[in-house]
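J.: Using the hints provided, position chain S relative to the given structure of chain R.
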Amino acid sequence: MTTSAFVPMLLATAKMTIPNMLLALAEAFGVTLYIFGFTLLGALPLGMLVYFGKKSRIAPIRWFVNGYISIMRGTPLMLQLIVVYFAPHLVFGVTMARNWRNLAVLIAFIINYAAYFAEIYRSGFESIPVGQYEAAQVLGYSKAQTFFKIILPQMIKRVLPPVTNEIITLVKDTSLSSAIAVTEMFTLAKKIANSPGSPGMITLFAAGIFYYVFNYLVAFVMRRIEKKLDYFE
Amino acid sequence: MSILSMEHIQKSFGDNHVIKDISLTVDQGEVVSIIGPSGSGKSTLLRCATLLETIGGGTLSYLDEKAAWEENGKVIYKKNLGEVRRHFGLVFQNFNLFPHYTVLKNVTDAPVSVLKRDREEVKAEALALLEKMGLADKADAYPDQLSGGQKQRVSIVRALAMKPDILFFDEPTSALDPELTGEVLKVIKQLAEEKMTMVVVTHEMSFARAVSDRVIFIDGGRIVEQGKPEELFGDTQHERTRQFLQNYKQ
Numbered sequence: 000m001t002t003s004a005f006v007p008m009l010l011a012t013a014k015m016t017i018p019n020m021l022l023a024l025a026e027a028f029g030v031t032l033y034i035f036g037f038t039l040l041g042a043l044p045l046g047m048l049v050y051f052g053k054k055s056r057i058a059p060i061r062w063f064v065n066g067y068i069s070i071m072r073g074t075p076l077m078l079q080l081i082v083v084y085f086a087p088h089l090v091f092g093v094t095m096a097r098n099w100r101n102l103a104v105l106i107a108f109i110i111n112y113a114a115y116f117a118e119i120y121r122s123g124f125e126s127i128p129v130g131q132y133e134a135a136q137v138l139g140y141s142k143a144q145t146f147f148k149i150i151l152p153q154m155i156k157r158v159l160p161p162v163t164n165e166i167i168t169l170v171k172d173t174s175l176s177s178a179i180a181v182t183e184m185f186t187l188a189k190k191i192a193n194s195p196g197s198p199g200m201i202t203l204f205a206a207g208i209f210y211y212v213f214n215y216l217v218a219f220v221m222r223r224i225e226k227k228l229d230y231f232e
Numbered sequence: 000m001s002i003l004s005m006e007h008i009q010k011s012f013g014d015n016h017v018i019k020d021i022s023l024t025v026d027q028g029e030v031v032s033i034i035g036p037s038g039s040g041k042s043t044l045l046r047c048a049t050l051l052e053t054i055g056g057g058t059l060s061y062l063d064e065k066a067a068w069e070e071n072g073k074v075i076y077k078k079n080l081g082e083v084r085r086h087f088g089l090v091f092q093n094f095n096l097f098p099h100y101t102v103l104k105n106v107t108d109a110p111v112s113v114l115k116r117d118r119e120e121v122k123a124e125a126l127a128l129l130e131k132m133g134l135a136d137k138a139d140a141y142p143d144q145l146s147g148g149q150k151q152r153v154s155i156v157r158a159l160a161m162k163p164d165i166l167f168f169d170e171p172t173s174a175l176d177p178e179l180t181g182e183v184l185k186v187i188k189q190l191a192e193e194k195m196t197m198v199v200v201t202h203e204m205s206f207a208r209a210v211s212d213r214v215i216f217i218d219g220g221r222i223v224e225q226g227k228p229e230e231l232f233g234d235t236q237h238e239r240t241r242q243f244l245q246n247y248k249q
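Here the protein sequences line up with chains R and S, keeping their order.
Using numbering that gives the first Met the number 0, you'd call the opening residue of the first sequence number 0 and step up by one each time.
Using numbering that gives the first Met the number 0, you'd call the opening residue of the second sequence number 0 and step up by one each time.
Chain R extracted, bound-state conformation (with noise of 0.2 Å):
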């Protein structure tokens, strides 16, 4: 990524100003936003086909797909982060190209948030009264329009909320990436933070800021599209 190569140059030179920093902090965001995006575009899809496994009527996925739940919910991601990138080279003997970093932080954030949507939906699904799938059953609609028509778009609604949540937190957990040394927003500001004659602590305080003013960004577009969907209860 172009950013990687550009940090080192901004911290090598000797003037760290205010503006300098903010600089150096947009363009890393840019490594923030490449995780988020990609991760939930990966991810929310994903989640469906975890929340199908736990469903299957096939027991040896189910236990499978209990287990990578139950594994990913239960460990740190940044220690999830490191068992990706090093598991080719650790487990199969692979050495990887130097920029296999920034393909391991997706499949790290993928299918860490995968496990969580998929248990979302899990949620969403089961708060749909029965009622609906026997009144589609009754009036002789397919499995898959029943769930393409009836279920999907009333389990979609309700999980809003909670998936609203789950990508805020993603925004935040981007700056795990440094445990795999991708330098990401936050990575960099504390880079710049700790190196002589720079802005020091404020460095910090805009990367919040930063994080806020996109946080904010993101609750206001899935407000927009939960009221897009309240003509129905």
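Accuracy of the hints is not assured; some may be wrong.
Unchecked claim - Here are the computed lysine to aspartate or glutamate pairs in the EDC-like style, where the Cα-Cα straight-line distance is at most 20 Å: (1) R/K227 / S/D143; (2) R/K226 / S/E82; (3) R/K227 / S/D139; (4) R/K142 / S/E52; (5) S/K162 / R/E133; (6) R/K142 / S/E82; (7) S/K104 / R/E133; (8) R/K156 / S/D143; (9) S/K104 / R/E232; (10) R/K148 / S/D143; (11) S/K104 / R/D229; (12) R/K190 / R/D172.
Claimed, not checked - Looking from chain S toward chain R, a few residues come up when the C-beta cut is under 10 Å (computed): (13) L51; (14) F87; (15) N93; (16) N95; (17) L96; (18) Y100; (19) A109; (20) S112; (21) R116; (22) D143; (23) S154; (24) F167.
If you are wondering where the hints come from, they were derived from the structure by calculation, not from laboratory data.
Glycine residues also receive a C-beta, built at the ideal position from the N, C-alpha and C atoms.
T.: Chain S only, in chain R's frame:
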């Protein structure tokens, strides 16, 4: 030809033998009311007839075609149950309208996407039915904007739009205020006058008396007594029936 035929139906939930042995035939144009105490098996019988529960024994047929039967002590269901479902409609106690669809879409969606009928034709029929039920101005409303009585009338229209041969009602007024009960019963009565074949599980004795061709009293998973309303209510044969009806006399 009978529209619905249930022979020696049995149904258990675990150790709970809810339906012991019930046989019931409903003919074209007949209106049958099923009454009985809570837990007598009347709602379960309806759920068995509408394939929401599998029967534990016996035979279930629509228009003389078997939907479920016994073979070597096991119940076999017909492969294509979709064909069976086209014969009946069911009106639920709790309406079970689709909350994310407008009234019109609630009514038209199944005929269009299940029966693959022409959208415009279905829509015209649906609007006519809604008009008939006094719901013409509610076509674009969502279910949560309706009163209970309106919701139940919409769910009746939704069932009718599928043009079933027989319509089942599972305590259609039990979730309604007494004030709203009347408007739903009026609609069912209107359907009875049009010779719609119907089976109504109900606690409304005066309604059962006024509308039914036949009233069936069920208790303990069996039919205790059945007959024309004037017979069952006026000349009750069984002590158990008399006991039950006593509760409804003011």
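J.: Quick check on S/L51 please, does its C-beta sit within 10 Å of some C-beta on chain R?
T.: 6 Å, holds
J.: Hinted pair, alpha-carbon criterion (20 Å max): R/K156, S/D143. Please report holds or violated.
T.: 15 Å, holds
J.: CA of S/K162 to CA of R/E133, is that 20 Å or under?
T.: Within the cut-off at roughly 18 Å; holds.
J.: Mind checking the CB of S/A109 against every CB in chain R and telling me if the closest is under 10 Å?
T.: Holds. Min distance 4 Å.
J.: Measure nothing beyond the straight line between the CA atoms of S/K104 and R/E133; if it is 20 Å or shorter, mark the hint as holding.
T.: 18 Å, holds
J.: Quick one, are S/K104 and R/D229 close enough, alpha carbons at most 20 Å?
T.: Holds - the C-alpha atoms of R/D229 and S/K104 are around 17 Å apart, at most 20 Å.
J.: Could you check if S/Y100 really has its C-beta closer than 10 Å to a C-beta on chain R?
T.: Holds. Min distance 8 Å.
J.: Take the shortest C-beta to C-beta distance between S/S154 and chain R; is it under 10 Å?
T.: With Cβ-Cβ at 8 Å, under 10 Å, it holds.
J.: Starting from S/K104, check that the Cα of R/E232 is at most 20 Å away, please.
T.: 16 Å, holds
J.: Verify the interface restraint on S/F167: the C-beta must sit less than 10 Å from at least one C-beta of chain R.
T.: 9 Å, holds
J.: With chain R as the partner, please determine if S/F87 meets the hint condition of a C-beta pair closer than 10 Å.
T.: With a minimum Cβ separation of about 8 Å from chain R (threshold 10 Å), the hint on S/F87 holds.
J.: Starting from R/K227, check that the Cα of S/D139 is at most 20 Å away, please.
T.: 17 Å, holds
In summary, the numbered hints that this structure violates are 2, 21.
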